[in-house]
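K.L.:
One-letter residues, chain by chain:
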Amino acid sequence: MRASFVFSEVMTGLRRNVTMTVAMILTTMVSLFLLGVGLLVVRMIDNTQTLYEDRVQVNVFLTNDISANDQSCAQDPCRSLRSDLEKNPAVETVSYQNRDQAYKRFKEIFAAQPELTKLARPEALPASFSVKLKDPDRSAVIIQTYSGRVGVDSVTDQSKYLESLFNAFNGVRDLTFVIALIQATAALLLISNTVQVSAFTRRTEVGIMRLVGATRWYTQLPFLLEAVVAGVLGAILGIGLLVLVKLWFFDRLLGGLFNSGVLSSIQGIDILMVSPWLLLTSVAISAVTGYATLRLYVRT
Amino acid sequence: MIRLEHVSKVYKTSTRPALEDVSVEMDKGEFVFLIGASGSGKSTFLRLLLREEVPTKGRVYVANFDVVRMSRRRVPRLRQSIGCVFQDFRLLHNKTVAENVAFALEVIGKPRNTIRKVVPEVLELVGLEGKSARMPHELSGGEQQRVAIARAFVNRPLMLLADEPTGNLDPDTSQDIMLLLERINRTGTTVLMATHDHSIVDSMRRRVVELSLGQVVRDDSRGVYGVGR
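As given, the protein sequences belong to chains D and W, one line each in that order.
Letter 239 of the first sequence, counting from 1, is numbered 239 in my numbering, and no numbers are missing.
Numbers given in my numbering equal positions in the second sequence, counted from 1, plus 1000.
Here chain W stands alone, though its shape is the one from the complex:
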């Protein structure tokens, strides 16, 4: 599903590489935590998968896409097969919950009938049935993140990237969000989650890839956050 081969990334404005000779492989349906301190290269890792950035060296494969060599015209196809969730939710504040989710389908040209059918379905999946007409500011942080997850998942992507999705949430709410991500993972969707949250990583016991100063320093199939330190 994801394969990085000897990937290095040096930003023009920096002398130290953000990633250095990283080789990782993740299978379809896996649930993987990407951990590491701030500046360890987690964000760069995720941006490479989305082709927000192109590596300085090495190859990146996502699903059937050769991310480095693909033409610009095909990039939207790649991104349509990846769902994204962020710490700051990134909802549109002038649209309702349902409109926020529908927006993701509208802008890729899905027919209106399809949208009318799948939006309520995905809202039910994330536990927001009955809140579809609310505005984002009327919702709690956890609920807003559910909307964001619904939006990321509504097009049934092969893979879900979550960049510190619980970073702004209290522990209980975080736990709920993790249950939701697990549920999505059980549908066969690969989930890659970058996080700082020790307790979540420790309690889930999933594969952990740790980055430090741009290098993979650990790859445990059933890891915890703090081992080896």
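Isolated chain D (complex conformation):
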């Protein structure tokens, strides 16, 4: 196999059919870009989930009476509630957060929105127990047991809020995957078509090649490589687009959420991890499509 010969054939083929090649590269690019966004969202969800796994707690908010008067949880009913919670087999740790601490934490979380922290007064924030469970899924038991007890204002499960957040992300992920799939179908058909056109425009060459006893690899590899080269270029452009979108969209628009630790941010390393898969997918799809097209439509 003479590599230089095959290579020059591939280049001639791509140049001869330049509009089709560009269309093929662009569709592949968009398809892989969307696939990449989907994969990045998956990573973001995963990372955010681990980020919250340690933090997800059941909050037992205490009544205004306790919040105002019992800064260290030294008196009943606060004290008995605490020991009760600590004895509960489902509970791992219990920590008490008084009104001042709650106010401090509030100011930290909303540091980015000074108008909100200015409005808030410590009196509006209740004292609470942050209850960490051994099994985060069993929060319902705690909620049932402690709702309505003396001194308890309300019991909330943080994971309920997160669930709706993750549902939104999952929706975004599914949508990008669906559009990526549609684009991939278009890319696939374009590849198939380009290979056929390419084979047709070079039927004289191929005829001569077969006649003088060139093996199937020699006659067909150029067409196959044309598809793969276009696929690789499309993948590289798609990855480039992904980097741009990270810099111009994710970092700017979601930057606040990343910085406050609400969302796990998308790092360069995430794109680096996703890229090989995009490249591999592209090469695999273009090679398989090219090969199948040659087997089905082009006489050898």
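Keep in mind that a hint or two might mislead.
[To be verified] Taking lysine to aspartate or glutamate and the EDC-like style, the derived pairs with C-alpha atoms no more than 20 Å apart in a straight line are: (1) W/K1110 <-> D/E205; (2) D/K87 <-> D/D76; (3) D/K132 <-> D/D84; (4) W/K1095 <-> D/E205; (5) D/K246 <-> D/D174; (6) W/K1095 <-> W/E1052.
No lab work stands behind these hints, which were simulated from the structure alone.
Position chain W against the provided structure of chain D, taking the given hints into account.
P.N.:
Only chain W this time, still in chain D's reference frame:
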């Protein structure tokens, strides 16, 4: 070199067989004319030798190849031992004369040094020295056919198949091409030429195999075109 045993070929789209019970043998180094009217089965005959087609019945042997039973993977080897020339030359118009000839070697993976050496040699053999950088459209029909012959012969095949090689050429040019084919035949290469050209067949006095409606109706060792009609 070539042996056909009771070969029949029926195309799917036709009820009449293209070849019917054909048995012919040709030795190494022979020069054979294959004649017959259009539709007599000449092209099918040649296509069977190249395994472009597989016979419906019978056996075909070319050199050491059992053409009918050989695996698809070995077909390129068979074709590398057969050179082919056609009425319409079939040159690549975007390549020079030398590139056209070199193409046949490149696509079967010959090393570049070999190609650089043998291409000028074969161009000299066919009388095209000094025209290697020309494009096919700059050449006369006869010269184009010489390029095609050079391309068919450059890999030194055991056998040369020529399908009406003079069909597009005037009588004088045809005569030159025949001299060239004779020269190639003298190197020990078997030449099988399908033709309609009476004068060429008559003047060469070589073996003539005549096909009519898919059957061998004549096989003269030193024949002429028109005998028996």
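K.L.:
Confirm or reject each hint.
P.N.:
Verification of the supplied hints:
| no. | hint | result |
| --- | --- | --- |
| 1 | W/K1110 <-> D/E205 | 17 Å, holds |
| 2 | D/K87 <-> D/D76 | 16 Å, holds |
| 3 | D/K132 <-> D/D84 | 14 Å, holds |
| 4 | W/K1095 <-> D/E205 | 11 Å, holds |
| 5 | D/K246 <-> D/D174 | 19 Å, holds |
| 6 | W/K1095 <-> W/E1052 | 26 Å, violated |
The structure shown violates just one earlier hint, number 6.
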